[in-house]
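There are 2 protein chains.
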Amino acid sequence: MKWLIVVAHGSRRESSNDEVRALTARIGELSLEQFDRVTCAFLELAEPSIPDAVESALLQGAMEVVVMPYFLSAGRHVVTDIPEEVAKTTRRYPGANVRIANYLGSSDLLPSILLGLAGR
Amino acid sequence: MKWLIVVAHGSRRESSNDEVRALTARIGELSLEQFDRVTCAFLELAEPSIPDAVESALLQGAMEVVVMPYFLSAGRHVVTDIPEEVAKTTRRYPGANVRIANYLGSSDLLPSILLGLAGR
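So the sequence lines, in the order shown, correspond to chains Y and W.
Under my numbering, the first residue of the first sequence is numbered 3, with each subsequent residue one higher.
Under my numbering, the first residue of the second sequence is numbered 3, with each subsequent residue one higher.
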């Protein structure tokens, strides 16, 4: 079973966290055969935490877990905090196949998406 | 002349601000006939400010300015702060054609981009 965890920063505004949950649901509908399950996690201010989400995936039988940083820049959160949060779980499951994908802001497709949103 | 301003939050990490500047340059290369000029601005912590960037576009002859919020959620920055910053300039140029585009996080294309980054 392949499992995708979308990791966002988390916000005091529950509506922002709900945006992430809605995005996660859309990814789940779209992922078809790429991932069997798609869930989300938050670095802070919202639940579930990253360690809890990774452990939950492993305990439910995920053979491969991909953690996707839903962040725009390669700041401390992406470079340091998310790997540390993931490691809190993986050090207790030494054989687990858990990897962290490139963060959203690294996508080559963002320029064309922004131009599309900007309209004519 | 049509002008696009990519508005990011701004960071104490100059490398994060430089990521926005590099993105802006790529959009400029890609925009071809859609926009004559593409620049960036920051809500805080980096320069130029949003009012300065909008005024600079108008003074350089922009007939239409599109402000693109490079933000993932519709929080206070998108809903309140960016419109207020834009209005600081537009209230001094009553005839100016300046509009704020939908923020990045509203794009329907994000799920497929995230799945692409997540890999197989």
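Treat the hints loosely; a few may be bogus.
[Said to hold, decoys possible] Short, incomplete list of chain W residues facing chain Y, as computed with Cβ under 10 Å:
1. Ser13
2. Ile29
3. Val40
4. Val68
5. Asn99
6. Ser109
7. Leu111
8. Leu112
[What the hints assert, rightly or not] Simulated restraints, written as ranges between beta carbons of each label pair:
9. Arg94/Y / Arg94/W: 56 to 62 Å
10. Arg14/W / Met65/Y: 39 to 45 Å
11. Pro96/W / Pro85/Y: 48 to 54 Å
12. Ile102/Y / Arg94/W: 28 to 34 Å
13. Arg94/W / Arg78/Y: 14 to 20 Å
[Unchecked claim] Dumping the calculated SDA-like pairs for lysine to any residue here, alpha-carbon to alpha-carbon at most 20 Å:
14. Lys4/Y / Leu119/W
15. Lys4/W / Gly121/Y
16. Lys4/W / Pro53/Y
17. Lys4/Y / Lys4/W
18. Lys90/Y / Leu45/Y
19. Lys4/Y / Gly118/W
20. Lys4/Y / Ser114/W
21. Lys4/Y / Lys90/W
22. Lys4/W / Glu57/W
23. Lys90/W / Pro113/W
24. Lys4/W / Leu45/Y
25. Lys90/W / Leu119/W
26. Lys90/W / Ser33/W
27. Lys4/Y / Leu47/Y
28. Lys4/Y / Gly77/Y
29. Lys90/W / Gln62/W
30. Lys4/W / Tyr95/Y
31. Lys4/W / Arg39/W
32. Lys4/W / Lys90/Y
33. Lys4/W / Leu119/Y
34. Lys90/Y / Pro53/Y
35. Lys4/Y / Glu46/W
Honestly, the hints are just simulated from the structure, not real lab data.
A virtual CB, placed ideally from N, CA and C, is assigned to each residue, including glycine.
Hints, verified against the model:
1. Among the interface hints, the one on serine 13/W holds; its C-beta lies about 6 Å from the nearest C-beta in chain Y, closer than the 10 Å criterion.
2. Below 10 Å, beta-carbon pairs count as interface contacts, and isoleucine 29/W has one with chain Y at about 5 Å; its hint therefore holds.
3. Using the Cβ-Cβ criterion of 10 Å, the hint placing valine 40/W at the interface with chain Y is satisfied: the shortest such distance is roughly 9 Å.
4. Restraint check, valine 68/W versus chain Y: the minimum CB separation of about 5 Å is within 10 Å; hint holds.
5. At its closest, the beta carbon of asparagine 99/W sits 13 Å from a beta carbon of chain Y; the interface hint therefore is violated under the 10 Å criterion.
6. This hint holds: serine 109/W has a C-beta 5 Å from the nearest C-beta of chain Y, less than the 10 Å allowed.
7. For the restraint placing leucine 111/W at the interface with chain Y, the shortest Cβ-Cβ distance is roughly 5 Å, inside the 10 Å limit, so the hint holds.
8. Residue-level restraint check for leucine 112/W holds (minimum Cβ-Cβ distance to chain Y is 6 Å; threshold 10 Å).
9. For arginine 94/Y paired with arginine 94/W, a C-beta distance near 59 Å keeps the hint of 56 to 62 Å intact.
10. The beta-carbon spacing between arginine 14/W and methionine 65/Y, approximately 40 Å, falls within the hinted interval of 39 to 45 Å.
11. Separated by about 51 Å at the C-beta atoms, proline 96/W and proline 85/Y satisfy the suggested range of 48 to 54 Å.
12. For the pair isoleucine 102/Y and arginine 94/W, the beta carbons lie near 47 Å from each other, so the given range of 28 to 34 Å is not met.
13. In this structure the supplied range 14 to 20 Å is violated for arginine 94/W paired with arginine 78/Y, their Cβ-Cβ distance being about 38 Å.
14. Our distance criterion of 20 Å between C-alpha atoms is met by lysine 4/Y and leucine 119/W, whose separation comes to about 15 Å.
15. Proximity of lysine 4/W to glycine 121/Y is assessed by CA-CA distance (about 11 Å); at most 20 Å being required, the pair is judged to hold.
16. Of the supplied pair hints, the one linking lysine 4/W and proline 53/Y is violated, its CA atoms being roughly 47 Å apart against a limit of 20 Å.
17. This hinted pair does not check out: lysine 4/Y and lysine 4/W have alpha carbons roughly 45 Å apart, beyond 20 Å.
18. The hinted pair formed by lysine 90/Y and leucine 45/Y meets the criterion: a straight-line CA distance of about 13 Å does not exceed 20 Å.
19. Restraint check for lysine 4/Y and glycine 118/W: the C-alpha separation of about 15 Å stays at or below 20 Å, so the hint holds.
20. With a C-alpha separation of about 17 Å, the suggested pairing of lysine 4/Y with serine 114/W holds against the 20 Å cut-off.
21. Among the hinted pairs, lysine 4/Y with lysine 90/W is inconsistent with the structure: their alpha-carbon atoms are about 49 Å apart, more than 20 Å.
22. With a CA separation close to 14 Å, the supplied pair lysine 4/W and glutamate 57/W stays within the 20 Å bound.
23. Distance restraint check for lysine 90/W and proline 113/W: the Cα-Cα separation of roughly 35 Å exceeds the 20 Å cut-off, and the hinted pair is therefore not satisfied.
24. In summary, the hint linking lysine 4/W to leucine 45/Y is not supported, as the alpha carbons are separated by about 39 Å, beyond the 20 Å threshold.
25. As the CA atoms of lysine 90/W and leucine 119/W are separated by approximately 38 Å, the hinted pair breaks the 20 Å bound.
26. For the proposed pair lysine 90/W and serine 33/W, the alpha carbon gap of about 27 Å is over 20 Å, so the pair is violated.
27. Proximity of lysine 4/Y to leucine 47/Y is assessed by CA-CA distance (about 27 Å); at most 20 Å being required, the pair is judged violated.
28. The suggested pairing of lysine 4/Y with glycine 77/Y is violated, with an alpha-carbon distance near 28 Å, which exceeds 20 Å.
29. With a C-alpha separation of about 18 Å, the suggested pair lysine 90/W and glutamine 62/W falls inside the 20 Å cut-off, and the hint holds.
30. For a cut-off of 20 Å, the pair hint linking lysine 4/W to tyrosine 95/Y is broken: about 55 Å separates their Cα positions.
31. Distance hint between lysine 4/W and arginine 39/W is fulfilled; the C-alpha atoms sit about 7 Å from each other, no more than 20 Å.
32. About 49 Å separates the Cα atoms of lysine 4/W and lysine 90/Y, which puts this hinted pair outside 20 Å; it is violated.
33. A distance of roughly 15 Å separates the Cα atoms of lysine 4/W and leucine 119/Y; the hinted pair therefore holds under the 20 Å criterion.
34. For a cut-off of 20 Å, the pair hint linking lysine 90/Y to proline 53/Y stands: about 6 Å separates their Cα positions.
35. Of the supplied pair hints, the one linking lysine 4/Y and glutamate 46/W is violated, its CA atoms being roughly 40 Å apart against a limit of 20 Å.
The structure fails hints 5, 12, 13, 16, 17, 21, 23, 24, 25, 26, 27, 28, 30, 32, 35 (numbered hints given earlier, in ascending order).
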